Amino acid sequence: MYDFLEQNAIYVVMLTVLMIWAGLFVYLYRIDKQVKELE
Amino acid sequence: MWWKITLFIWIAVLSTIGIVTPIAGSLSDLAMISQWGTEKTIPVKFTVSDRGAAEGDGWLLHGRDTNGSEADFHFPSRPEGLDAAEGYLVRARYDRDQHRVEVAEVLGDYPGFSFPFIPGLEERAKIIFFHVPMSWMTVVAFLVAMWYGIRYLRKKDMEDDFRSAVSAGLGLLFCILATSTGSLWAKFNWGSFWNWDPRQTSIFVLLLVYGAYFALRSAIDVEEKKASLSAVYSIIAAATVPFFIFIMPRIMPGLHPGSADDTSAGPVVSSGGMDASMRVILYGMLLGFLVLYGWLMRIQNSLHRIKLKRADAAL
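Quick note, the sequences are listed as chains A and B, same order.
The first sequence begins at -18 in this note's numbering and counts up by one.
The second sequence begins at 0 in this note's numbering and counts up by one.
Incorrect hints may appear among the rest.
Here are the in silico distance ranges between beta carbons for each label pair [unchecked claim]:
1) B:39 to A:-18: 18 to 24 Å
2) B:111 to A:18: 50 to 56 Å
3) B:71 to A:6: 47 to 53 Å
4) B:193 to A:6: 22 to 28 Å
5) A:-5 to B:191: 45 to 51 Å
6) B:18 to A:-18: 48 to 54 Å
7) A:2 to B:1: 19 to 25 Å
8) B:79 to A:6: 16 to 22 Å
9) B:211 to A:3: 22 to 28 Å
10) A:3 to B:210: 44 to 50 Å
11) B:276 to A:2: 46 to 52 Å
12) B:76 to A:-18: 31 to 37 Å
Derived SDA-like pairs: lysine to any residue, alpha-carbon spacing no greater than 20 Å straight-line [said to hold, decoys possible]:
13) A:17 to B:186
14) B:225 to B:312
15) A:17 to B:149
16) B:306 to A:10
17) A:17 to B:312
18) B:224 to B:156
19) B:308 to A:19
20) B:225 to B:153
21) B:39 to A:-14
22) B:186 to A:13
23) B:3 to B:306
24) B:39 to A:20
25) B:186 to A:-5
26) B:186 to A:10
27) A:14 to B:186
28) B:308 to A:-13
29) B:3 to A:-11
30) A:14 to B:304
31) B:186 to A:-18
32) A:17 to B:301
33) A:14 to B:1
34) B:306 to A:12
35) B:3 to A:-15
36) B:186 to A:-15
37) B:225 to B:241
Because the hints were derived from the structure by calculation, they are not lab data.
Since the model is a prediction, treat every value here as computed from it, not as a measurement.
From the three backbone atoms N, C-alpha and C, an ideal C-beta is built for every residue, glycine too.
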């Protein structure tokens, strides 16, 4: 895995993008939970 | 509605351009890499100026890079579509004995649009479109938290306190994302996830400072007291933000691009440091994430208003 990512650096960039969207997704999920509670 | 769709398309298109655009170096990059005596090949783009002839079992042609420098390019076999080709994007190394470029692999035709080759970063340089907006949004969100903190202290409006806390929360989210994406990048660029580089140390302190902000908020039960104390705290904390993000990592020598001893790629600050095309995409992504931040703030605000209305109705 490490060697693959070392050789194909573009996948490291892809992983960082995924991390950012995962973080924003978690944030959205928490807002959604608050909305559910209000309902 | 339309601005939300536009925002999605904006971020999607810029991300795609940022990821897909090939990295292409010049002959001077090749010459520099060859000085290090490695067999390493790098992507180079050049236009064909003379279609050349067979040489041994390969093909030798003459080409010119974007800076106007010329060199002989030796291909292992006759390159495909040579008669019509304007130029090529190849992986190659410079052979100092033969004074020619040895092509290892043809990556494609001459790309009209490409990002420059940055030694030591290469493809990983593209992280700048995602990681840097995160840390800049951290700064924006913390400064907005300070702004609403000041407003709360002047007007004593609980709405401002709420906005200040939401903005600090978003700032913390962006700060965590900047740290974790940077740490992943560090694993491949520096060899380890965490090096206590000045940049990493300063963002770690920033995380602690704003972690303490939320610890402070959750420790106080009286709403007014919580609001005024956290407003004061957010003002003091925001005063440290420019220092930790913009100043300390730049005046200290370190591994991060833009450190005091970085001669090649102090991307955004140094004059002529970053390629114009990369700069446009970086600023475009910054704008995209800025609007996304505004959107999240708006959602939280409307949610808060509904909560208040419900509370009023319950009384």
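Hint check:
no., hint, result
1, B:39 to A:-18: 18 to 24 Å, "22 Å, holds"
2, B:111 to A:18: 50 to 56 Å, "52 Å, holds"
3, B:71 to A:6: 47 to 53 Å, "52 Å, holds"
4, B:193 to A:6: 22 to 28 Å, "25 Å, holds"
5, A:-5 to B:191: 45 to 51 Å, "21 Å, violated"
6, B:18 to A:-18: 48 to 54 Å, "20 Å, violated"
7, A:2 to B:1: 19 to 25 Å, "22 Å, holds"
8, B:79 to A:6: 16 to 22 Å, "43 Å, violated"
9, B:211 to A:3: 22 to 28 Å, "25 Å, holds"
10, A:3 to B:210: 44 to 50 Å, "20 Å, violated"
11, B:276 to A:2: 46 to 52 Å, "24 Å, violated"
12, B:76 to A:-18: 31 to 37 Å, "34 Å, holds"
13, A:17 to B:186, "39 Å, violated"
14, B:225 to B:312, "24 Å, violated"
15, A:17 to B:149, "32 Å, violated"
16, B:306 to A:10, "18 Å, holds"
17, A:17 to B:312, "18 Å, holds"
18, B:224 to B:156, "13 Å, holds"
19, B:308 to A:19, "11 Å, holds"
20, B:225 to B:153, "15 Å, holds"
21, B:39 to A:-14, "17 Å, holds"
22, B:186 to A:13, "34 Å, violated"
23, B:3 to B:306, "24 Å, violated"
24, B:39 to A:20, "60 Å, violated"
25, B:186 to A:-5, "15 Å, holds"
26, B:186 to A:10, "29 Å, violated"
27, A:14 to B:186, "34 Å, violated"
28, B:308 to A:-13, "54 Å, violated"
29, B:3 to A:-11, "33 Å, violated"
30, A:14 to B:304, "16 Å, holds"
31, B:186 to A:-18, "13 Å, holds"
32, A:17 to B:301, "14 Å, holds"
33, A:14 to B:1, "26 Å, violated"
34, B:306 to A:12, "13 Å, holds"
35, B:3 to A:-15, "37 Å, violated"
36, B:186 to A:-15, "13 Å, holds"
37, B:225 to B:241, "25 Å, violated"
When held up to the earlier numbered hints, the structure conflicts with 5, 6, 8, 10, 11, 13, 14, 15, 22, 23, 24, 26, 27, 28, 29, 33, 35 and 37 and fits the remainder.
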